[in-house]
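Enquirer: Use these hints to put chain B onto chain A, whose structure you have.
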Amino acid sequence: MTSVALSSPVFFLLLAGLIGSVVLLYLLRPPVLNRLMSSNLIWRRVLGSSRAINERWRWWLSLLLATLIAICLLLAAFRPMDNGQMNDRSLIIFDNAPSMGALTRDGMSRFNVAKDSVTRHLNSLSKDMQVMLVDTQRQVTTPSFGSISQALEILDSLSVGSSLDPLVPAQVATIDASRKFIYTDGVMIGGVPEDFTSVSAFQPVPNVGITRLSFAAVPGNTQQRQAFIEIVNGGAEPTVVEIALTQTESRLITRQVELAPYEKLTQIFDATAFESGPVKASVVSTVDRFKADDVAFGYITAKRQVRVGFVSDDVDSKMLTLLDLMPRVVLTSLTNADYQGLESEELQFDILVFDRVSVDRKPVIPSIFFGVNSANWLGASVSSIRSSQLSVERNTAHPILRNISMTDLLIESGVLFAPMVGVEALLTSEDEAILAIAVPGAVKSVLLGFDLDKSNLAFLADFPIFLSNSITWLVDEPPILNATPGTIKLPSDITKVYRIDGVDVPLWFADGNSYFHTRETGLFTGFSSNGPLRVSVSQLDRRFSDINRSNLPIFESSKNFVAPGLNGYSFSFLVGALTLILLMVDWYLYHRRVTQ
Amino acid sequence: MSTLLSKEFMRRLDGISLLLRKPVAGHLRGQHRSRKTGVGMVFSDYRPYSSGDDVRNLDWATYMRLDRLVLRMFEEEADTPIYILIDNSASMGRDDSGKFEMAKKFAAVLAYVGLLNHDRVSLISFSDGMVKEMPGRRGKNQMWRAMHFLESLKNEGETHLGNTFRKYFGAGRTRGLVFIISDFLFEQPIEESFRPIVQYGHEVFATHVIDEEEESPNIDGHVVLVDSETREALSAHVTEGTLAAYRSEFDKHRENTEAFFNRSGWGYVSLRTNDDFENSVLTSLKKEGIFR
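In order, the protein sequences belong to chains A and B. Quick note on numbering that gives the first Met the number 0: the first sequence kicks off at 0 and runs consecutively. Quick note on numbering that gives the first Met the number 0: the second sequence kicks off at 0 and runs consecutively.
Computed from the model, here is a short list of chain B residues facing chain A with C-beta under 10 Å:
| id | residue |
| --- | --- |
| 1 | Glu186 |
| 2 | Asp210 |
| 3 | Glu213 |
| 4 | Ile218 |
| 5 | His221 |
| 6 | Leu224 |
| 7 | Asp226 |
| 8 | Glu231 |
| 9 | Ala235 |
| 10 | Thr241 |
| 11 | Leu242 |
These aren't lab readings, by the way, just hints derived from the structure by calculation. All residues carry an ideal CB built from backbone N, CA and C; glycine is no exception.
The following block holds chain A by itself, in its conformation from the complex (with noise of 0.2 Å):
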């Protein structure tokens, strides 16, 4: 009884108010009438009989309500269902998806509003009440059912997060809990089972967002750069929004725009004057009420021009020719004798050919060589080609070879490579001798073991293609890493992670592979012995900026806000309340008893 009448305050009154009924009822009972008889020899008997069988009940009824008071005093008392197995629990699901972010009129967010709704309820439930609390982002990561001081901790613990995959509630539906409460204002959680009372903390806003953003070259003309928006606007009423492309504040591209109600639009930028490197996507309205999509980033790798220097002591090379012809290149032809001459800082190319070149000494820059006749700078041992007109197998893999037959290449003579750990064969024999290989590394090469003069190489279609591939690999970047925010996974090489304001980033290594996290939006640059990897962290999703798809009511205004729990009892006050009634019940009886 004792617990049953701390556990809540209104328990205490209505006990104060059912003595106080009690105490008056006694005093307004009519005063019994005293009736003088001749004898109450008939009169005992009358009413033992009648009693006899009224008695009867009344001892059953009687001994019926002191083991039922007894059994809620004990359930009060000691609560043995408390073990597991039910029920004077609570389960309060809280969703803190990224929609949860959006801004009500009122200036406070979707999520703090849930959040204050949460703190009310939960102060509002009896102290002995178990609650589990459950985000649906799951940064709680071992709910359990523990005191409403914890779950206010737990709350206070909580964020809005970014996963797009949030848990459901039919994935908690089976916990045992008395009742079930969800949080939410709908968006992302589907359907919300029967069982749970849903709190909606939706209300329809405006927004915004970025749902795409890539940069490609102009096809047919690499020195030209677009870049691509998607932007989708999520609230039911039309809006105008500046677009707006920014990578240094000289370079800066603005576009305003109107979209209609939930119209999804795709806009294309020139973006030839931006050089690569970081790019930066944002949309501004003045309406707009949620910001977590209103930015998106992105990184272009390709440079637009590449100085290569060209080494070989033929001037009527085809090589050079068609070096010359290719849009992104501004080449230098040198002999040998000029290349041996110069210093290495004094090699101001990003990229050095060597045709039928021995070069005794490893470049400094990234090179190609044709016909290489030794590599003693690799260590890799080299042997004549003993049989003319080799069919060759390539590496379809490697993106140098990205895109290329290779079916038709006859070779007259050459050098065979080694196989040799670290480099990647490109061109294999039948009989599994390697005719070329690229070299990985922070100075990356390819060499050839035939040259132009001695195969069809230069006369085969492919042969541009291959070039420009070369190129590419030589000098570009490899392509960036876009990433939604969360627990983002990286090639295993990866050691570091920088943000782009240089502050070190927390990695670990699992599964053979890297792992970072971060909530936020942003450009992030990991590094390894193969150079460096940009990584785009951008809230890239429709279902991202679809902030107002939700069948829940509409909440008007935090400030009548009500908690449901503010309606609920405690198991205990509930048990307390049964005994006072059972208690109320069996004095009655017990007052009929004596006057009847």
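Expert: This is chain B only, laid out in the frame that chain A set:
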């Protein structure tokens, strides 16, 4: 002469005599048949004459015919001891219900008729034992004493017939006619209570005095029923159903009482306080064969 009986009613009683079912065992001459033989009007038997017998009773016709002296014997007419026991327990006098007044009047009637018939009339009031007694009196001139005795009675105590009978008749009373005037509301089994009377062979006539309010009480709701004798309080919630059950139980009680007296070969009348006393007394007693 008395506040209990009016002159007119007493005049009506003057011509009434008591009729007994059994021969009496009185010692003095009276107007009732007795088992004794002696001077009387009713022939009883013959017996041989022996010396010293009253020669007035010799049957001379037999002597002439048989030449033997034969004596005629007659039933002796004797007086009857009449014991009028009146219940003066508290239950008889509740709220001046009229029960006790009626009981006293009835006792006065019996005493008057008994004294007129030259019977020995004893008046005894009882509750839990004998309370007060007017020893046996004969003759009409003792009527004033009987009236005075009755008028002086007050209600008190609990009813206990067994104790009363044991105490009173245990003193060796002459077998006679016992009138019991009571409401018969007592705890003890009636058979147990009357066993002493059965043992002494008295003829009994019971008068059951019933109060109308007692037979059909007019109460409702929550009441505390206080027993006038024991002061026992009985809390009750009285409903129509309860009252019906009470009336039924009361009838049953009365019927059981009457059945007991009938079974014992004794007389029984019930008098209700709301009845016309004089007519109902005469009617019921004549019907029962007590008055002639």
